[in-house]
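Enquirer: Here are the chains, one letter per residue:
Protein chains: 2
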Amino acid sequence: MASTEQESSQTPANLNKKQAKKEAQKVERLRKQQEAAAAAAATALASAEADPFSGNYGDVPTEEIQSKAVSGRQWTEIGSLDAELAERTVLIRGAAQAIRSVSKKMAFLVVRQYVSTVQCVLVVNKEWVSPQMVKFATGLSKESIVDVEGVVSIPKDPIKGTTQQVEVQVRKLYCINRAMPNLPINIEDAARSEMEFEKAEQIFRRFLLSEGFVGIHTPKLVPGSSEGGAAVFKLDYKGQPACLAQSPQLYKQMAICGGFGRVFEVGSVFRAEDSYTHRHLCEFVGLDVEMEIKEHYFEVCDVVDRLFVAMFDYLNENCKKELDSINRQNPFEPLKYLRNTLRLTFLEGVEMLKEAGIEVDPFGDLNTEAEKTLGRLVREKYDTDFYILYRYPLAVRPFYTMPCYDDPAYSNSFDVFIRGEEIISGAQRVHLPELLTKRAEACGIDVKTIATYIDSFRYGAPPHGGFGVGLERVVMLFCALNNIRKTSLFPRDPQRLVP
Amino acid sequence: MASTEQESSQTPANLNKKQAKKEAQKVERLRKQQEAAAAAAATALASAEADPFSGNYGDVPTEEIQSKAVSGRQWTEIGSLDAELAERTVLIRGAAQAIRSVSKKMAFLVVRQYVSTVQCVLVVNKEWVSPQMVKFATGLSKESIVDVEGVVSIPKDPIKGTTQQVEVQVRKLYCINRAMPNLPINIEDAARSEMEFEKAEQIFRRFLLSEGFVGIHTPKLVPGSSEGGAAVFKLDYKGQPACLAQSPQLYKQMAICGGFGRVFEVGSVFRAEDSYTHRHLCEFVGLDVEMEIKEHYFEVCDVVDRLFVAMFDYLNENCKKELDSINRQNPFEPLKYLRNTLRLTFLEGVEMLKEAGIEVDPFGDLNTEAEKTLGRLVREKYDTDFYILYRYPLAVRPFYTMPCYDDPAYSNSFDVFIRGEEIISGAQRVHLPELLTKRAEACGIDVKTIATYIDSFRYGAPPHGGFGVGLERVVMLFCALNNIRKTSLFPRDPQRLVP
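Chains as they are written, first to last, in our numbering: chain E, 1 to 499; chain Y, 1 to 499.
So here's chain E without its partners, still in its complex pose (with noise of 0.2 Å):
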């Protein structure tokens, strides 16, 4: 077997020692938990051997999770749970996300799966349920992985607490796995932002390949120490220096040129960023966009244009759910953005600083603070969170910026800004080898080492530009979190690298 799975089993092989030595100390005291948890569920289950209903509850034998036989039973999904199952006998599964004792006779069981939740009931009863089992019930930990089996009735009142207005009369109940006693977290706090970020995503593929675009995935190992500019991962590359890619593109832009039209990158991007900012991250999943364009970089703008504004409808009118969900942890306003998106050139955003006071270099960049200025600035004046600039300075721009063809001051080049921070950067890019050449040198690049790169563009390369965002931070500033931690799973910033 060449598994590609074999290999990984090394990887958590990797914590430094200071963390080890907490984490051992922590896993000590874990286990001692469990141990007094296991003990008690051993006690209540030596109770229950008197139990003429003991075959209607109790730990699942280890054996029979271990792939031992397919029985053959369907599981109903508890988003599925409705009105029009009452009556009927269930099977779901799902964590005991909360138990509650009434009485030695009567408890409440409120299971989850994914985001829905149902409210199951024991009462004990001449033909299923026995005072031991809802004690067995009762002394589970939350989060445990159980399975119910039940029947569907429709309680009185509405329910308040759970998403499904069903309840589960429960005839069997079996733990699959106990957790632990104590939890460390909020688990719906962890899938909450990665579900949206999740759709944030989809919106993107499926907008752009309705639109002709062609997913592709570039490489992440490139060659080189890099010298100068941000700064990059380096590592060893059998022998050859080599860092990690800091953005798709060189190889984006070559794609273009190889005749592919149009097309798009979802994937992993890494800075070794040094600033620790509510706003930055070393490693985040890239959107990079690369198109031909006809006459002119709007084509450019219209695409994000529509895409952007296809992604807001859509999150406001599916994801509700999910929004007021967000909204109850961080309360925010609605993103104002318009049917079709402002755009201003950076000379009339400098205009607009310079009569609120803020004097700004014309041929300079703007900074965090004038640009939140700005953002404030347009939302009186044009009530909009979402615009564009456009027409940068050349000098604040890469070298393979396209110059205005009126002005080599400036560039065809814009930003894209949502309540005032910047979450796209694009523009047309030079497609003329010689003006690519001139360019590079102006910029103190020795254009010896990306003779490759000017060198694709020899062989037939139509005029083209593009555009990249973070999806962390159109998430984060979506729904104005405060953190662009939260819009991941796993984050990872100059200080954290575990888990």
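Among the hints, erroneous ones may be present.
Treat identical chains as interchangeable: a pair holds within one or across any two.
As a list, the in silico DSBU-like pairs of lysine-lysine whose alpha-carbon atoms are at most 35 Å apart [what the hints assert, rightly or not]:
| hint | residue 1 | residue 2 |
| --- | --- | --- |
| 1 | Lys68 | Lys234 |
| 2 | Lys238 | Lys448 |
| 3 | Lys372 | Lys448 |
| 4 | Lys321 | Lys336 |
| 5 | Lys234 | Lys448 |
| 6 | Lys438 | Lys104 |
| 7 | Lys142 | Lys448 |
| 8 | Lys321 | Lys172 |
| 9 | Lys448 | Lys294 |
| 10 | Lys354 | Lys336 |
| 11 | Lys294 | Lys68 |
The hints are simulated quantities; they were obtained by calculation from the structure and are not laboratory data.
Here the structure of chain E is known, so what remains is to put chain Y in place on it, guided by the hints.
Expert: Below, chain Y without anything else, positioned relative to chain E:
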């Protein structure tokens, strides 16, 4: 501007000195060729000065392709040119794939856009086309990007060399960007397999989304300097030892423990392989799946089964054109597969090999040779190139693999084979922290170093399993390509890092 693109301007500055020198010589050579081409163009232009139709052709001045204006003109896609457009005037843009001079008064130009081509006809006439214009056309270098305006006509005889069965009677012809006269690569080669690739990935995504899977992204920067096992790429992460993820294994399992139910990831996977073989890459696109299981890891096999049969069906039905094109370059037999994928136990496989005179250790692994032979035997006996081999010896699987309930020498695991080569590896995972600890110890792993991983199973972990696939390998084996490099735009192997 805290641009995401700005910072990538340094990426290309990354070739080692030897390569740089070689490249510099190449650039010089290319520059001379290009100067010659430009001179030729200038001559053509000069002779056109006296031409009353000189406005109908020529090189477009640089400023016109620097986003000077939006004219509102509509370009027609070459792929949509058909008889319905007969007599209509169209404007198309593409690469000049072939240029044929018939006489001083007539020339043909085949223009390509993406995978579509159309024949354009220049004939000297009194309204639009001068002899100078024909000369301009025949002087173009192949792969130059051109705009052609003309009238669609239906030829008497079918056209063999192009995808479109109409011609364009040229009225105007402008060159947007000249290509070098000598092209180093065949552009169609590069584009071909990536298209295939893209299709495979789309089907994978669509299928899994339709079955309730959630797409996630997990970090590629993971802690530690790996100890033993397969080679990893190491790097320094802000003073901490780190490496590139060899698989999202642990993170996807943690997502399952976090309540996601069913997850998948399409992302970069890194292996510091030393194997310079036809089927290993140092960086590839991994498709990873993890899901809760109710009773048996066959539930995971069922997903593999449905997913791959759907993918093969789709490719056969919808990608005939692409498959034919691959078949012309690399003839291959269509893949044989059954409606319900054949499943054999590891021991049944061992038995079949034994009957064929090949002795294999029933508690060891199959080597590549044995896998190949078994593939042939299975094909003869069951008439399929695609099958699942399950219940592997525990000793040859990673520590987190669930042992069989009835024999701890075997495991709840499987591999999937196409044409005698393994493409997928999957299994039920150990979700019980005590058993996981025991298994890690048995495999010689220091459990302290994987404490966070083991801990994640203490807070309510459902039984689960999953699998991993290398996208490039699937494409390679489906198309019976002899080298995995043909399935990747920019392959990475122990020797290749550029471009």
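Enquirer: Against this structure, judge whether each hint is valid.
Expert: How the hints compare with the structure:
1. With identical chains, the CA atoms of lysine 68 and lysine 234 are never at most 35 Å apart, being 48 Å at best within one copy and 41 Å at best between copies.
2. In the homo-oligomer, the alpha carbons of lysine 238 and lysine 448 lie at most 35 Å apart both inside one protomer (23 Å) and across protomers (31 Å), since each shortest distance falls under that limit.
3. Proximity of lysine 372 and lysine 448 under a CA criterion of 35 Å is satisfied in neither setting, with 40 Å inside one chain copy and 46 Å between copies.
4. For the homomeric pair lysine 321 and lysine 336, the shortest alpha-carbon distance inside one copy (19 Å) is at most 35 Å, but the shortest distance between copies (46 Å) is not.
5. Taking CA atoms no more than 35 Å apart as the test, lysine 234 paired with lysine 448 passes in both settings, with 21 Å inside one copy and 29 Å between copies.
6. Taking identical chains as interchangeable, the C-alpha atoms of lysine 438 and lysine 104 are never at most 35 Å apart, the minima being 84 Å within one chain and 38 Å between chains.
7. Only between protomers do lysine 142 and lysine 448 lie at most 35 Å apart by alpha-carbon distance; the minimum there is 26 Å, versus 63 Å within a single protomer.
8. In this homomeric assembly, lysine 321 and lysine 172 come within 35 Å of each other (Cα to Cα) only inside a single copy, at 32 Å, whereas the closest approach across copies is 56 Å.
9. For the homomeric pair lysine 448 and lysine 294, the shortest alpha-carbon distance inside one copy (30 Å) is at most 35 Å, but the shortest distance between copies (59 Å) is not.
10. For the identical chains of this complex, lysine 354 and lysine 336 are intra-copy neighbours only, at 24 Å inside a copy versus 71 Å across copies, given an alpha-carbon limit of 35 Å.
11. For the identical chains of this complex, lysine 294 and lysine 68 are inter-copy neighbours only, at 11 Å across copies versus 62 Å inside a copy, given an alpha-carbon limit of 35 Å.
This entry does not satisfy hints 1, 3, 6, going by the numbered hints stated previously.
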